[in-house]
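Engineer: Residue numbers (our numbering), protein chains in the order written: chain A, 1 to 977; chain B, 1001 to 1148.
Simulated from the structure, these hints should not be mistaken for lab results.
Yeah, the Cβ is synthetic: ideal placement off N, Cα and C, and Gly gets one too.
One or more hints might be untrue.
To be verified - Non-contacting residues of chain A with respect to chain B, defined by C-beta distances greater than 10 Å in every case (computed):
#1 S44
#2 G133
#3 D229
#4 T274
#5 D299
#6 E327
#7 V332
#8 P413
#9 V545
#10 L589
#11 E846
#12 P967
As the list claims (entries may be wrong) - Derived, one-sided and incomplete: chain B residues facing chain A with beta-carbon distance under 7 Å:
#13 T1007
#14 T1010
#15 G1013
#16 A1080
#17 D1081
#18 L1135
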Amino acid sequence: MSATVDITFELNGTTIAREVAAATRLRELLRAEGAFSVKYGSDSGETGAGAVLVDGRLASSDVILAAQIDGRRVTTLEAFDTARELHPVQAAFAAVGAFQSGYSAGAMILGTIALLAENPDPSEAEIRDMLSGILDRETAYVKPVEAVKRAAAVLRGEDPGPFGPLVTAPLTDGTNPAELDPTDEPPVGSPAVPRLVPSRDVPDMAVVGKPEVKVDAVRLAKGKPVFTDDIELRGMLHVKVLRSPHAHARIVAIDDSAARALAGVHAVLHHGNTPRIKYASGGQSWPNPHPHDQVSFDDKVRHVGDRVAAVAAETPEIAEAALRLIEVTYEVLPAVFDERDALAPGAPVIHDEDDTEGIHDASRNIVHHIGAQRGDVDAALADAPHVFEQTFRVHQVQQCPIEPHVAVAWLDPDERMVIRTSTQVPFHVRRMVAPLLEMDIKDIRVVKPRIGGGFGAKQEMLIEDIVGLMAKTTRRPCRLELTREEEFVASRTRHPQTITYRTGVDDEGRLVAQDMYVIGNTGPYGTHGYTVQTVTGLRGLSQYVCPNKRFACDVVYTNIPVPGAYRGYGAPQAEFALEAHLEDIARALGQDPIEFKRRNWVKTGAELDIAPHLGERSVEEEELDEYPRIMSDGIEECVAQALREIRWHRRDDPAWRTPPDRPHIRRGLGFAFCMHGTAIPFLDMGGCSIKLNDDGSFNMLVGATDLGTGADTVLGQIAAEVLGVPLEDIKVYSSDTDVTPFDTGAYASSTTYISGTAALKAAEVVRKRLKERAAMLLGVDEPCTIELRDRRAWAPDGRSVSLEEIALDSLHTQDQEQIMGTASHVSPDCPPPFGAQVAEVEVDTETGQVTVTRLVMAVDCGVAINPITASGQVEGGMTQALGYAHCEEFALDDEGRMLNAAFGPYKIYRADEMPETVVYLVQTLEDSGPFGAKAVAEIPKDGVAPAIRNAILDATGVAIDELPFTPERVWRALRSS
Amino acid sequence: MPSTLRTLATIGGTVAAGGPDSVLLAVLLVADARVELARGGTPTLDELLDTGVPDGDLVCAVTVDTDGEVATAATGRTPADVPIVAAVARTAPDGRRLALTGVAARVLRVDPDDPTAGLDPPGDFRGSGAYRRHLAATLARRALEGLR
């Protein structure tokens, strides 16, 4: 066994003496001591999630050994949980919505406390420097920076003032474009504050539309043990997975005898001792789309990182050691990685097994062939005076939640399987894991605690079968947490695609035909391959009016790490190609790109004519009697605000475009029009139940899964508005398949719209009964005349009774009943949110280095239920999209091994290098949404890549049709022009 | 330097690791760094980067010259990315110094009058050999121009 060291150190004011193994990390020691605020992001410290204070200075507990802190003083976030009230730094982070998931809250708050102890008035650069070691995949850092500034002000004894949106006057009449006035200055305010452009159609409300503090802010700010891994179970085993070193191979033999013989090993699972039950891992509604091309452990591996075997052991170290003792004999097969190569004759066949049904053409690696058409594209193209063809290639990236996939499973006293897991889809997981565990759904309970980000990667049944099988086999609690490298190579990624558009334009500059062909790369398994690619078609052919349009797509198998759902879900790929293609067409026709796009983009009243023909519930008929229509749009207002904010007129200023002091630099501005969807019509469903408590407060149970998005808060605000109470009177709980109503889960931009309407309806049920009881108490004949507000029920004559009095009366006094409402919602509509995305760049023409200096997005998401959380969604989404456009990419070698499966080599933006981001929320009233809301979560992913691409084009005259815009790619494009 | 690194690395460890992309090593090279080893050796950093720290030995101190002026030029994927190639130049009393990262298996001190002589950089996913050679010439010129 390894050597041990005796240490004595101070943890949060208490002196602790321990004997620790020499190799134990400080993070492991601190978590074992109950300091669960210290989070795992990776073992090498670059996420900062495990940063703590050592002798008052921020330090990485990932790379400090426990043995090194003998005699030192360690402070974790738990040190500040001494009272119900928050520390001023915690309060500032909560007040500005600086936490989404809050997974790295401990590191950020401790860093702030240390910074402000040394420097009570830090500059923005000093704040960003402090935050630079804490990667945040959620906020764009803009609100954390604001939180530090406000905390500093409070600690200096100053009043930072209220925090809320900056109300901005509209520039348009809501329908027509505005004339740009170069002298008109945009509003001045902190970039952390959304600019809110109100609509006259939207009434002022008490709770909805207000910058309420998130309902989970206190527990996150205090670092409470609310995440999946923050539990201790006696006898828990640690699971590790043996992963394939080959991109494509048959497993000829596995010898697990030495691993089983290792002391502390409780189980070894592989294809030889687990049932072969076919499934598809994508977290989707029943029935999961075919093909069901996976099994828990297969006798063939199809990508580097694919599952080979798993071990459950008493410590992670023993499990790792056991993995090394498993002897696997592989027959290595040829592999293919590019989707175009996979279609070529003679390409290796990736699914040659005989028990997978529903592959379109397995011999050619074609999983699905998707087609949809309106009008006669071929005839229209033949007749069109101008036809443009252009091919784009988009690449593979990863969602990068700072909390990797983690799950813990155990058998409860009734022999039911409890799976506590970091998932976006608890109800799908329960249904999908049941057959793999050979258990009934009724014997499985899936609990989703707080989640440290998901972005689609967790819209999967990814590791729950492994922990479930292990718990069933060992009858002990079993825990599996993916390493950062596994999160890259063995979870889920974004689909690479090759996209070709052929577009016909008439002499008036109107689109007459759009033909879109996509080869989608779904890697070795189907999972979301069908639906992501249908969304590519949907988004690629919906936002411009065109009488003839066709989508054709081959979804193909390859041997890359598995693509799946990633926020945007096929749209970022399509919109990059579409917004670049139309930009180039406009230039070729000598037209202003925005004017050209405006002539063709959809407006309120336009038919969504391809939507019913694509997707899980697509219709077979070629023509429908009626198509859904766009019922609200704030497009022109978004465009006007975004262009003014970015000072679009500088495109015509030579002195700005070519700074005299840096002759190798060219500046440019780019625009992209964005449109997304809101939920999947006729499919996405959310449920909610609300019950009244003795004091007039309410418990609200939702199946919707808050991943840090603020969903619990938004749903609570909706219910509070209906029930006439402040948000604090709604206690929201999500989600637990034993307790909360069903919800399809957090995806497809559905939660506010679908689950929010369920919350609205459930609250209306409760409100109706509250009014009836109030009418009884007040002697009013017409309950419908009663109004709820300020925690009271009011009669028309001004008399009132409190909700507490109604509660006590109904629970204890007369005709006793539990006032309770349950409702669910599914929508026939999919109202599109719209956006105008603009980017400002500098291109170094000698090196190809692109620097993105500013991103502005104006979004029409209907009524933002909470403008702070909504703007946080836009800021964070733009930042992920910036990584997609600019610096993130999977680098695979010739054997399919990922060369950059770590942060750093895989580059995501950090606090001290961000462009400024500014968000506008343009209100419209969407009648089909709760209080007028549409979606906001995914649209920020759509426009950044094309806006940057078009800005590079504006700066240099060079069009680049391949992502990302890394220096060498840009340099080569500049040279070849 | 940003405080991002916070306990992730030390100067001695960076010297011992001798990574080819380290801007810090380039700065130390143009500052004529000498290294003190536990067993008594005092090689220049330039020598040590060729030989590596001998087995069982330890970096105890790094001494640098602090006079003169320093200028840098770098190209990366993002502003705070580890540069694909960086050039660091310094005016020393006896002439100019120039070091390059990202162009060889180690950080190189090169001739300011002919910075790319004999360079044949290995490529990787962030930049091919040809691109790195181009960057070396461009960035060396900029770094030297940055010296007044």
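Engineer: Are the hints correct? Go through all of them and say.
Structural biologist: Status of the hints after comparison with the structure:
1. Not every C-beta of chain B lies more than 10 Å from that of S44 of chain A, the closest at about 8 Å, which undercuts listing it as non-interface.
2. Listed as a non-interface residue, G133 of chain A fails to keep its Cβ farther than 10 Å from every Cβ of chain B; the least gap is roughly 4 Å.
3. Look at D229 of chain A: its CB is around 23 Å from the nearest CB on chain B, clear of 10 Å, so calling it non-interface holds up.
4. For T274 of chain A, the requirement that its beta carbon stay farther than 10 Å from each beta carbon of chain B is met, with the minimum near 36 Å.
5. D299 of chain A, annotated as away from the interface, keeps every beta carbon of chain B farther than 10 Å; the closest lies near 32 Å.
6. At the 10 Å boundary, the C-beta of E327 of chain A stays outside the reach of chain B, the nearest C-beta of that chain being 33 Å off.
7. Distance check for V332 of chain A against chain B: the nearest CB is about 23 Å away, which clears 10 Å, and the non-interface claim stands.
8. The beta carbon of P413 of chain A sits about 45 Å from the closest Cβ of chain B, which is more than 10 Å, so the claim that it is off the interface holds.
9. For V545 of chain A, the non-interface assignment is confirmed: its Cβ lies about 38 Å from the closest Cβ of chain B, beyond the 10 Å cut-off.
10. For L589 of chain A, the shortest C-beta to C-beta distance to chain B comes to about 34 Å, beyond the 10 Å cut-off, and the non-interface label holds.
11. The claim that E846 of chain A lies off the interface is violated: its Cβ sits roughly 5 Å from the closest Cβ of chain B, which falls inside the 10 Å cut-off.
12. Under the 10 Å C-beta cut-off, the non-interface status given to P967 of chain A relative to chain B is violated; the minimum distance is some 5 Å.
13. Hint on T1007 of chain B holds. Least Cβ distance to chain A is approximately 4 Å, under the 7 Å limit.
14. Taken as an interface hint, T1010 of chain B does not check out: its beta carbon lies about 11 Å from the nearest beta carbon of chain A, beyond 7 Å.
15. For G1013 of chain B, the shortest C-beta to C-beta distance to chain A is roughly 11 Å, which exceeds 7 Å, and the interface hint is violated.
16. The interface hint given for A1080 of chain B holds, since its Cβ lies 4 Å from the closest Cβ of chain A, which is under the 7 Å cut-off.
17. This hint holds: D1081 of chain B has a C-beta 6 Å from the nearest C-beta of chain A, less than the 7 Å allowed.
18. Interface restraint check for L1135 of chain B: the shortest CB-CB distance to chain A comes to about 6 Å, inside 7 Å, so the restraint holds.
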